[in-house]
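So the sequences go chain by chain: C and P. Residue 66 in the UniProt record's numbering sits at position 66 of the first sequence, and the numbers go up by one each step. Residue 336 in the UniProt record's numbering sits at position 336 of the second sequence, and the numbers go up by one each step.
These aren't lab readings, by the way, just hints derived from the structure by calculation. One thing to keep in mind: the hints can contain errors.
One copy or two, it doesn't matter: identical chains are merged, so the pair holds either way.
Below, computed lysine-lysine pairings styled on DSBU-like, alpha-carbon distance capped at 30 Å [to be verified]: (1) K271 - K408; (2) K465 - K430; (3) K307 - K408; (4) K468 - K408; (5) K334 - K474; (6) K334 - K307; (7) K176 - K518; (8) K307 - K430; (9) K139 - K408; (10) K73 - K271; (11) K94 - K176; (12) K334 - K73; (13) K94 - K518.
These are the residues of each chain, in order.
2 protein chains.
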Amino acid sequence: MRRFAAETAKDLVRSRSLQRQNRRRCLLSPLWPLLSSGSQSRFSSSASSPDSPPAMGSSPPVTLDTINPKVLKCEYAVRGEIVSIAQRLQQELKENPGSHPFDEILYCNIGNPQSLGQQPITFFREVLALCDHPSILDKSETQGLFSADAIERAWQILDQIPGRATGAYSHSQGIKGLRDTIAAGIEARDGFPADPNDIFLTDGASPAVHMMMQLLTRSESDGILCPIPQYPLYSASITLHGGTLVPYYLDEEAGWGLEISELQKQLDSAKSKGITVRALVVINPGNPTGQVLAEENQRQIVEFCKKEGLVLLADEVYQENIYVPDKQFHSFKKIARSMGYGDNDISLVSFQSVSKGYHGECGKRGGYMEVTGFSADVREQIYKVASVNLCSNITGQILASLVMNPPKVGDESYESYCEERDGILSSLAKRAKTLENAFNSLEGITCNRAEGAMYLFPRVYLPQKAIKAAEAAKMAPDAFYCRRLLNATGIVVVAGSGFGQVPGTWHFRCTILPQEDKIPAVVSRLTEFHKGFMDEFRD
Amino acid sequence: MRRFAAETAKDLVRSRSLQRQNRRRCLLSPLWPLLSSGSQSRFSSSASSPDSPPAMGSSPPVTLDTINPKVLKCEYAVRGEIVSIAQRLQQELKENPGSHPFDEILYCNIGNPQSLGQQPITFFREVLALCDHPSILDKSETQGLFSADAIERAWQILDQIPGRATGAYSHSQGIKGLRDTIAAGIEARDGFPADPNDIFLTDGASPAVHMMMQLLTRSESDGILCPIPQYPLYSASITLHGGTLVPYYLDEEAGWGLEISELQKQLDSAKSKGITVRALVVINPGNPTGQVLAEENQRQIVEFCKKEGLVLLADEVYQENIYVPDKQFHSFKKIARSMGYGDNDISLVSFQSVSKGYHGECGKRGGYMEVTGFSADVREQIYKVASVNLCSNITGQILASLVMNPPKVGDESYESYCEERDGILSSLAKRAKTLENAFNSLEGITCNRAEGAMYLFPRVYLPQKAIKAAEAAKMAPDAFYCRRLLNATGIVVVAGSGFGQVPGTWHFRCTILPQEDKIPAVVSRLTEFHKGFMDEFRD
């Protein structure tokens, strides 16, 4: 595969400009709802907002016109306008209880379980506390406060850290002993070897995704194949790094299926426009769509990447979140290795995070990527970029090692750990099913099942009258729906336009995270709102 | 100030290419030692290294020729080649004790105090442990293990976190209550108001610097004035974001003085080459140079930025590290406010970190930037970029609040806290003085005093014979010196070429961080090595 080439500088400019036009027409336009959504007005590029006081004396050094246009263009819906409105409503409720038709805001916009009352796994927190303050480790009171295996694990971890210094910068890939533990955890999961030198510990999965986008993107002629709908980190990161998002559509009718023919079609179309497609992003289990890929489908994807020379960027952060008996998580590395493909056959990056799973430790910002099938000199470049930020936070590093090596049979904490873990996962499965059923019982809503991850992505067949009302309000129709939902119920969901969707279809993403005792209220508030909305706008 | 303009696409390409040539000639060439140093061979862009096995079957999707050239170009010396060699030697010592003329590696390459034995501040770690595992807070054993004010502080902090959820993503600027505490700490330090909405908590100072560079850099026609020598995060970040580093030289003869005339000269020179200079980076106390700016000098700098419409990027991470009685730290915000300049007069960003100071909590990756004098719509853009990564780690956020609000008179921990803090700071001052004297006693070495920060940056007048030997070894002369030092003594320092220096001068950066009982050995090993080196190469 060759990057876009041009004979002369003049040609370069002309053909790039043509390219840009083409791309705008052919790639971006089906993405309109993703790339210019009414729900994004908080981040719109319109001049100065009314509440922007400090206009610099004579000439302010920085204005929207003089910042990096990639920053201006970038969008990130799950913390966009709707969340600002929710925060305002929350403040109003605090100051004037009873001022709205609901008594609390329910944040279903983001996969942030502990913000909605999920409790952390005790063993993990015990170990973190002991590593933060190791001088209590050998005091007698500590035995009464902490489980024996947490104390033992803390010692093990401290012994893996040079000088037991949890306050020191580590190796830029993360503490070697913790990477050994993580590699062993991957081996146990997959049944294939993992190399600690392939692991890069990061502050959550997001910086890891940015690093790969930064590495792979030379200019807007470099493209990344991304699912639509997608988690908007990907579109934001591609925009910030100046590349081109090449969309492939998941098939909603087929339970958000991933068709190789669609990948091929979009790849060929991008190539014909002069785009060098560098990588394929697959999110499995899916975000915002919740599907779990079948093993055979994963094999086809691996084959496709190998054939087309694409890096496979596998977002596997929801690997523990599987809710249906007929599906299982298989890492893409396991799939590739089981096909006989090794480091020489396919370049593969797997992203993992401590924020998801049953643990949901979002605030700790831990995660890693496993980077396989890159030459040593390219990996050296990844290491160099990691080293510019020195290292990821040690608490997150420790937590990543715990997630990949939880208590085992025979450990003091094993039973309570299993109870906590299984309680959370089975409750999530129940909540997913209840919400899915509720959505499917509503007029004009269909919802695929959440096989995994933390979200439902129901489709709303909006009446023309609602679409017109949204147009009049200068909003995307689904953003209009979500805004009305928030104002009526206090429930915060994110419009499908923030994730991308087939033009003319409308969705929203709703997490399955409200605690079980709140789910009935969520369902009844949703139902009541939706009926009222349909009564108001039915054609 | 207008950004570089061109009439037609053809002109654009031609004039950019001219610009590039000019810049290469006029800006980059005096930076040769910074931008192409022998010490950087680990990160050189030469083809594949001998130890790079996995060559992809037919066509590897990613090679050094197809990655983002900005990544390839970026350099970060403090974790470069010399550290890899040191790690190898350490391994060899472990496997074959006695295999080298020293028995341990002393990492003086990076400001990482706890890696060299500095102990964390007890109160800080107590609070972190309690916030990590709050369920022990009301148990009786906890009273015996933790100080009363740590327990109280942990409660206070938990009460500032919605749902007491230390495992939840926070507001993308950081937890509001912690920002209130930090703003109050800034007010107490400066005597001028600080607004919690101006605070962005980050995973250490590095991501904050990247965010500002990303915001300000549109193309290589945008320049950032940086001191030379500089901390290479700045050059790396500017390179990664595709901007141009506009160097200004600190005056070594004047104790690494910062002359406004030099700023003006370099600014004018950059402008004449079509560069739009967006910002001025000032590192105070200096890294790698250790000087502390005089108040009057700071006023001149503020005036200069105001006059020229530059954003002032103030790296103030060493604000607690002052070692001489005749200098004091003043934040640039305090200076600007004391001159009567408010939000409407100057755009100012102050960077702070938990990694430095007397606490040295590098591994926790906490820090913040205080962003003042930007319009609300531009700040919204900064918020948006922060939101793409969701939030910084909560442990680091908590620690940043503790650093800006340590125990007070009357608190149970106050005395032990002061003892720990003052013990570390006075010891650092002693170590700085001892090393400075040692360097100055050596033939052909001069060393300015370390007024602050954690480094000495001695100048080495290398004999011609040594320079020739370095050339023969294809290394920068100072990198050659540092390599020899490491091989002879186990002491790791970083060549001046990694930070930039006046062409034809040679330096290295050495931290003052080895523990006090090791300093005599460091001095004698350095002295013995240097004498031997001079005997070998004296002209």
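How would you classify K465 and K430 at a CA-CA limit of 30 Å: within, between, both, or neither?
Answer is neither; intra-copy 35 Å and inter-copy 77 Å both fail.
When no copy is named, should K94 and K176 be tagged within, between, both, or neither for a Cα gap of at most 30 Å?
between (48 Å within a copy, 16 Å between copies)
State whether the alpha carbon distance between K94 and K518 is at most 30 Å within one copy, between copies, both, or neither.
within (20 Å within a copy, 58 Å between copies)
Reference check for the pair K139 and K408, CA-CA at most 30 Å: within, between, both, or neither?
both (25 Å within a copy, 27 Å between copies)
Homo-oligomer pair classification [K474, K334; C-alpha up to 30 Å]:
Neither: 47 Å inside a chain and 44 Å across chains, both beyond 30 Å.
From the Cα coordinates, with 30 Å as the cut-off, is the pair K468 and K408 best called within, between, both, or neither?
Neither: 58 Å inside a copy, 61 Å across copies.
Within a copy, between copies, both or neither: where do K176 and K518 come within 30 Å Cα-Cα?
between (43 Å within a copy, 26 Å between copies)
For the identical chains here, do K334 and K73 meet the 30 Å Cα criterion within one copy, between copies, both, or neither?
neither (37 Å within a copy, 35 Å between copies)
How would you label the pair K271, K408 (within, between, both, or neither) given a Cα cut-off of 30 Å?
Neither: 50 Å inside a chain and 64 Å across chains, both beyond 30 Å.
As a check of your reading, is K334 near K307 (CA-CA no more than 30 Å) within one copy, between copies, both or neither?
within (18 Å within a copy, 60 Å between copies)
How do K73 and K271 come out at 30 Å by Cα distance, when the copy is not named: within, between, both, or neither?
both (24 Å within a copy, 28 Å between copies)
When no copy is named, should K307 and K430 be tagged within, between, both, or neither for a Cα gap of at most 30 Å?
neither (41 Å within a copy, 63 Å between copies)
Violated hints for the displayed structure, listed by number in ascending order: 1, 2, 3, 4, 5, 8 and 12.
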